[in-house]
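Novice: One letter stands for each residue in the lines below.
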Amino acid sequence: MDQLKLYTYIAVFGSFGVYFAIAWWARASSTSDFYVAGGGVTPLQNGMAIGADWMSAASFISMAGLIAFLGYGGSVFLMGWTGGYVLLAMLLAPYMRKHGKFTVPEFISDRYYSKTARIVAVVCLIIASLTYIIGQMKGVGVAFSRFLEVDYDLGLYIGMGVVWVYAVLGGMKGITYTQIAQYCVLIFAYTIPAVFISLQLTGNPIPQIGLGSTLADGSGVYLLDKLDMVVTDLGFKEYTTDNLGGTLNMFAYTMSLMIGTAGLPHVIMRFFTVPTVQAARSSAGYALVFIAILYTVAPAVGAMARFNLMNTIEPAPGENLVYAERPQWFKDWEKTGLLKFEDKNGDGKVQYVADAATNEMVKVDRDIMVLANPAIANLPNWVIALVAAGGLAAALSTAAGLLLAISSSISHDLMKGVLTPDLSDKNELLAGRIVMTIAIMVSGYLGLNPPGFAAGTVALAFGLAASSIFPALMMGIFSRTMSGPAAIAGMCSGIGVTMLYVFQHKGIMFIPGTSFLGGMEPNWFLGISPNAFGVVGALVNFGVAFLVLKATGPAPAEIQDLVDNMRSPIGSTSEAHSH
Amino acid sequence: MEEKQTYWQENLRLIFTCLVIWFVVSFGFGLLLVEPLNAIRIGGYKLGFWFAQQGSIYTFVALIFWYTAKMNKLDKKYEDKE
Chain E
1 MDQLKLYTYI
11 AVFGSFGVYF
21 AIAWWARASS
31 TSDFYVAGGG
41 VTPLQNGMAI
51 GADWMSAASF
61 ISMAGLIAFL
71 GYGGSVFLMG
81 WTGGYVLLAM
91 LLAPYMRKHG
101 KFTVPEFISD
111 RYYSKTARIV
121 AVVCLIIASL
131 TYIIGQMKGV
141 GVAFSRFLEV
151 DYDLGLYIGM
161 GVVWVYAVLG
171 GMKGITYTQI
181 AQYCVLIFAY
191 TIPAVFISLQ
201 LTGNPIPQIG
211 LGSTLADGSG
221 VYLLDKLDMV
231 VTDLGFKEYT
241 TDNLGGTLNM
251 FAYTMSLMIG
261 TAGLPHVIMR
271 FFTVPTVQAA
281 RSSAGYALVF
291 IAILYTVAPA
301 VGAMARFNLM
311 NTIEPAPGEN
321 LVYAERPQWF
331 KDWEKTGLLK
341 FEDKNGDGKV
351 QYVADAATNE
361 MVKVDRDIMV
371 LANPAIANLP
381 NWVIALVAAG
391 GLAAALSTAA
401 GLLLAISSSI
411 SHDLMKGVLT
421 PDLSDKNELL
431 AGRIVMTIAI
441 MVSGYLGLNP
451 PGFAAGTVAL
461 AFGLAASSIF
471 PALMMGIFSR
481 TMSGPAAIAG
491 MCSGIGVTML
501 YVFQHKGIMF
511 IPGTSFLGGM
521 EPNWFLGISP
531 NAFGVVGALV
541 NFGVAFLVLK
551 ATGPAPAEIQ
561 DLVDNMRSPI
571 GSTSEAHSH
Chain U
1 MEEKQTYWQE
11 NLRLIFTCLV
21 IWFVVSFGFG
31 LLLVEPLNAI
41 RIGGYKLGFW
51 FAQQGSIYTF
61 VALIFWYTAK
71 MNKLDKKYED
81 KE
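Protein chains in written order, with UniProt numbering: chain E, 1 to 579; chain U, 1 to 82.
Because the hints were derived from the structure by calculation, they are not lab data.
As the structure is a prediction and not an experimental result, all values here were calculated from the model.
A portion of the hints provided could be inaccurate.
Subject to a maximum C-alpha distance of 20 Å in a straight line, what follows is the list of computed EDC-like cross-link-like pairs (lysine to aspartate or glutamate) [stated by the list, open to error]: (1) U/77 / E/564; (2) U/4 / E/558; (3) U/81 / E/314; (4) U/76 / E/238; (5) U/4 / E/564; (6) E/226 / E/319; (7) E/237 / E/314; (8) U/70 / U/10; (9) U/4 / E/314; (10) E/237 / U/10; (11) E/226 / E/238; (12) U/77 / U/35; (13) E/344 / E/334.
So here's chain E without its partners, still in its complex pose (with noise of 0.2 Å):
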């Protein structure tokens, strides 16, 4: 076994070893520590909880990617996964941990007074969870086979062992503890190489600042602009001004994954986990600075990764990589197939250009840009190493998040609170630990045969939490006299005015060829992308919430005074957590 493959193992089931000494030291008792951990979690905890749970697979591997090969256009991801979290401190998060219940449909269920509207959201909540650990399976499978060289299918069999352990033993307690330890994994992984790399290329090592300064190389150039002048140069787009579809696409963007992160349910779960209204508002405030850590580092990994990778290429105008001399990471890729070199002059040289019909470098995969960036910089094994277990702690602690979210609402909304009322603690909890390992084999399935749409499943799940979800909490804590009807018929055309709308350019549940206007650009209602359109889906929950109010009358008395109640600060550790 080579030195790379044996730091790699100690990497990566040293820190599963850690998991599981948490989980068997937090197992759950009680409904409580199932579902909200006692309520007894620390705001600083929480955060760094919460920024696990946040911080995927996607944020980890594939965001600085995106940013790379996006540039200024990127900048949608950076504002709209962090400014979602100024909505949750100061539009939901205080109230809901105030009304002090377990879950979210609980939550609209009590304020909309309907068992409907339980279930509406219910089902919106299983769509947005199970489609967004599609995406963490796969990652899961993805770090495996390429880090440890174990099957794919292998690598998630024991991705789902291990979450099935903690998450199940657990509950929201093993889940919080572990979440710790998997943020602290996640956070040295990604800014280590990234410290390295930016001290390689400008001498400062504080990767923000990085970005921002010369190059290291004695020239005086600046970093950012050395790269827009060599990515325009081969005829690509501008590095610091490339636009992503236009001004108003992109404010439609930024917006509805800024309102869809404040609506995702596993994100919002975690406030009821706290035992004061204070203490909801400065978790959201320490969970945005743990996130903020990597989310204000992926812009420099990007575009510095961007920059090895076009300096490696073509060192020199004109004097480009001579393909039989290629590194060993760009054969390693290679064998993936997600970097794909075709020599089509037949020159021997690699050309990399924006021009489709001279450009060499057929396929440069957006993923491999975190994972890779560490052997391009050639940066020591131990370091390639951990970017595998921070890899693997990202999208475990997002499974494990999303799969509470997905069994709390099964065991407690529709048995507990719809099916059987009368289930005791015991056995809800019970029920609760067996519905988890259902959704355990269930995404587990989805992961080793991924269904068609798994590709457009990200921007469904914030399509829907943004369409559905977020108007229905706001308006049932900023407006007294919202009503159930006028609510229920909000999320109804929110989500199907979003759906609508991405299935129609994208296919029927994303089958090719069902798409009945085309993904066609020309197509699109003012240039907006099928992605960037929760926003439009959460006016029209808004516009229909408020028609239907006008036309039917205002909520009861009894809910009014509800309202009220969550709106004040006073009395805030409440009856639920002592259940």
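Chain E is fixed; fit chain U onto it per the hints.
Specialist: Below, chain U alone, put in the same frame as chain E:
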């Protein structure tokens, strides 16, 4: 009851102020005004680009902590009166 009203009104005013700043740094400086701002530079960063990929995120963090501190004070005031 009246106390409750003023508490809520003050909270709404605070949220409004925060969301205006939230909107200006991200959608304003990062998107709508990015071109004119890009004429100004801090080090190697064009200012509009910096707001879109760095500055807006730092501002979001500061906003939440500011709001939390203000609200803690407001909660205390309200609790004392109750």
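Novice: So, for every hint listed, does it hold in this structure?
Specialist: Consistency of the hints with the structure:
1. U/77 / E/564: Holds: residue 77 of chain U and residue 564 of chain E sit about 18 Å apart, inside 20 Å.
2. U/4 / E/558: Satisfied, since the Cα-Cα distance of roughly 17 Å is no more than 20 Å.
3. U/81 / E/314: With Cα atoms ~70 Å apart, residue 81 of chain U and residue 314 of chain E exceed 20 Å; violated.
4. U/76 / E/238: violated, 52 Å
5. U/4 / E/564: holds, 8 Å
6. E/226 / E/319: holds, 17 Å
7. E/237 / E/314: holds, 17 Å
8. U/70 / U/10: holds, 10 Å
9. U/4 / E/314: Outside the cut-off at roughly 66 Å; violated.
10. E/237 / U/10: violated, 47 Å
11. E/226 / E/238: With a Cα-Cα distance of about 11 Å, the restraint between residue 226 of chain E and residue 238 of chain E holds, given a limit of 20 Å.
12. U/77 / U/35: violated, 45 Å
13. E/344 / E/334: holds, 17 Å
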